[in-house]
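K.L.:
Going down the list, the protein sequences come from chains A and B. With positions in the first sequence counted from 1, the corresponding number in our numbering is that position plus 1. With positions in the second sequence counted from 1, the corresponding number in our numbering is that position plus 1.
Hints in this document: simulated from the structure, not taken from any laboratory. Heads up, a few of these hints could be off.
It does not matter which identical chain is meant; a pair holds if it fits inside one copy or across any two.
[What the hints assert, rightly or not] DSS-like, lysine-lysine: derived pairs with alpha carbons at most 25 Å apart: (1) K218 - K32; (2) K210 - K281; (3) K232 - K34; (4) K281 - K74; (5) K281 - K86; (6) K210 - K28; (7) K218 - K281; (8) K34 - K80; (9) K218 - K58; (10) K74 - K232; (11) K94 - K232; (12) K288 - K74; (13) K232 - K288.
Protein chains: 2
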Amino acid sequence: MENLITLDIGGTNIRAAHVIFGEGGLKIVRKLKQATSPEPIEVVQQLTESILRESTKDIDSVAISVAGIVNPKEGILLKSPNIAKLEGTNFRKLFEERYHLRCIIENDANAAAYGEKVAGAGREFEDFVLLTLGTGIGGGIVINGRLLRVAAEIGHTIISSEGPQCPCGNVGCLETLASATAVIARAISEIENGNQSALRSLYHGNFYKMNAEDIYKAALDGDMLARTVLKDAGKALGIGIANVVNVFSPQAIILTGGMIGAWNIYVEAAIREASRRAFKELISRVKILPSQLGDDAGLTGIAYLASETE
Amino acid sequence: MENLITLDIGGTNIRAAHVIFGEGGLKIVRKLKQATSPEPIEVVQQLTESILRESTKDIDSVAISVAGIVNPKEGILLKSPNIAKLEGTNFRKLFEERYHLRCIIENDANAAAYGEKVAGAGREFEDFVLLTLGTGIGGGIVINGRLLRVAAEIGHTIISSEGPQCPCGNVGCLETLASATAVIARAISEIENGNQSALRSLYHGNFYKMNAEDIYKAALDGDMLARTVLKDAGKALGIGIANVVNVFSPQAIILTGGMIGAWNIYVEAAIREASRRAFKELISRVKILPSQLGDDAGLTGIAYLASETE
Numbered sequence: 002m003e004n005l006i007t008l009d010i011g012g013t014n015i016r017a018a019h020v021i022f023g024e025g026g027l028k029i030v031r032k033l034k035q036a037t038s039p040e041p042i043e044v045v046q047q048l049t050e051s052i053l054r055e056s057t058k059d060i061d062s063v064a065i066s067v068a069g070i071v072n073p074k075e076g077i078l079l080k081s082p083n084i085a086k087l088e089g090t091n092f093r094k095l096f097e098e099r100y101h102l103r104c105i106i107e108n109d110a111n112a113a114a115y116g117e118k119v120a121g122a123g124r125e126f127e128d129f130v131l132l133t134l135g136t137g138i139g140g141g142i143v144i145n146g147r148l149l150r151v152a153a154e155i156g157h158t159i160i161s162s163e164g165p166q167c168p169c170g171n172v173g174c175l176e177t178l179a180s181a182t183a184v185i186a187r188a189i190s191e192i193e194n195g196n197q198s199a200l201r202s203l204y205h206g207n208f209y210k211m212n213a214e215d216i217y218k219a220a221l222d223g224d225m226l227a228r229t230v231l232k233d234a235g236k237a238l239g240i241g242i243a244n245v246v247n248v249f250s251p252q253a254i255i256l257t258g259g260m261i262g263a264w265n266i267y268v269e270a271a272i273r274e275a276s277r278r279a280f281k282e283l284i285s286r287v288k289i290l291p292s293q294l295g296d297d298a299g300l301t302g303i304a305y306l307a308s309e310t311e
Numbered sequence: 002m003e004n005l006i007t008l009d010i011g012g013t014n015i016r017a018a019h020v021i022f023g024e025g026g027l028k029i030v031r032k033l034k035q036a037t038s039p040e041p042i043e044v045v046q047q048l049t050e051s052i053l054r055e056s057t058k059d060i061d062s063v064a065i066s067v068a069g070i071v072n073p074k075e076g077i078l079l080k081s082p083n084i085a086k087l088e089g090t091n092f093r094k095l096f097e098e099r100y101h102l103r104c105i106i107e108n109d110a111n112a113a114a115y116g117e118k119v120a121g122a123g124r125e126f127e128d129f130v131l132l133t134l135g136t137g138i139g140g141g142i143v144i145n146g147r148l149l150r151v152a153a154e155i156g157h158t159i160i161s162s163e164g165p166q167c168p169c170g171n172v173g174c175l176e177t178l179a180s181a182t183a184v185i186a187r188a189i190s191e192i193e194n195g196n197q198s199a200l201r202s203l204y205h206g207n208f209y210k211m212n213a214e215d216i217y218k219a220a221l222d223g224d225m226l227a228r229t230v231l232k233d234a235g236k237a238l239g240i241g242i243a244n245v246v247n248v249f250s251p252q253a254i255i256l257t258g259g260m261i262g263a264w265n266i267y268v269e270a271a272i273r274e275a276s277r278r279a280f281k282e283l284i285s286r287v288k289i290l291p292s293q294l295g296d297d298a299g300l301t302g303i304a305y306l307a308s309e310t311e
């Protein structure tokens, strides 16, 4: 298969691309982007139709990377807390019936992991785990050079049985302690509790608007609260990494997402904690390194997955 | 390959077998067993030589299932807290040089998982995880009908970041809260702290000798302490199962080891906890069931792995 549409469906934006495979590998012909809200299924259709209209070649399939738990065999999005309106959608049925397009679907972090494998930081490794560190935490697992087509919801593994409530319904998930959301919530809570921090005067005192980058900048300026919050989140990430290492004995962990901007505080703390906690015989050989493809990893991975799927 | 020696190396015993593959599948010609201590490497050699002496057919390989972290590609036992004297042993080198036998090596729980896949409770599933619930907790993962040849040390994933100290050096590992060792330690500690229990009068008052079966029997007789200890361990196991479900989205979890004797208290508590904690969309389709092969799962699995390895 050589001519396809990719859709990257996230909570904020839906990105579509027209992708062609040629001699030099994958070529992106055209890229579109639209806000996911208020009606994501309409956006999906508008973007698809826009690419179909403009295409001079025959497009025969669509490859979807989506934030949520999928059933790749049936083409269904089972669960997606951030795009609740799409939960239960049978994308395969939709695209086959409406556009006569073959459809494959995969979780966005899984697709990103495979993208890094074929064209990014994972090229030299047979066994690695990718973690997306943003609003939430996602995972993708490559073993023997192949993507494990499992849920890989590493952000929703419990690392602290009595930990904070998670939107998924569980408590103590890795995501509740190590994501950007967790970092912001903790910083706000500390300020509300009267702890001193330069973050208090952000946005003319409306510090509730702070984002993870603000916290990182404050930490670089020496703000102790900001440093502590980032380091503690890093330690929690380190526990998650130790668990991943003890289960998958990978050659590498590839990190991506907005939080890796705080590498020298947050990720460094994670590496120290993981080194203390995982089996020495395993962690000592693991390389921890950043993504090379960034935002294009999902698009790349899902396109290659589609090209390899019968 | 049709004619091989299997070795199942555990902390207490080393079991050897002469195995032949014929039309009807695997046939065990002869079984031997010897205590692991005091010199495990000598026991390994004695058992191997004994089988080689008695064999009328040409044996060309040895397949080793061992309690510990292995490097299957190089044939080395990297780490084995319960058989420390074997740590670092290059089994492939030993068997090739000394006996001119081809050698494959795998972790015991991994081998057991593959045994259940080819001839036991896993036959009807493409994706499942096996957990061995005994003195420690081990894991083996089968995806797409194939064994994932990774560490799979699910017993050494952290589920409680500030939990009890684990012999592995970490704290809060699943094993420290849900294994037979954990159950016994907790019961003894509760009695030492003055809590009432029929367990106190076991072994003429030397309750330090109690085992997990004693606790289960007391629980069946209505002993509240014994029931609480088993249920709490089950809850911890349930957290481990929830994590496994959210990562591997398996069709089944297969449980084996001495602790499944307490199924109606311990495993039932685990199932309830996992159902509360894992994604509903995933846990609702997971079957949780006991091993069919029991102690022979490792032997079976490692023999089949050897027969399929070039």
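K.L.:
Which hint numbers does the structure go against, in order from smallest to largest?
P.N.:
Violated hints: 1, 2, 3, 6, 7, 9, 10, 11; rest satisfied.
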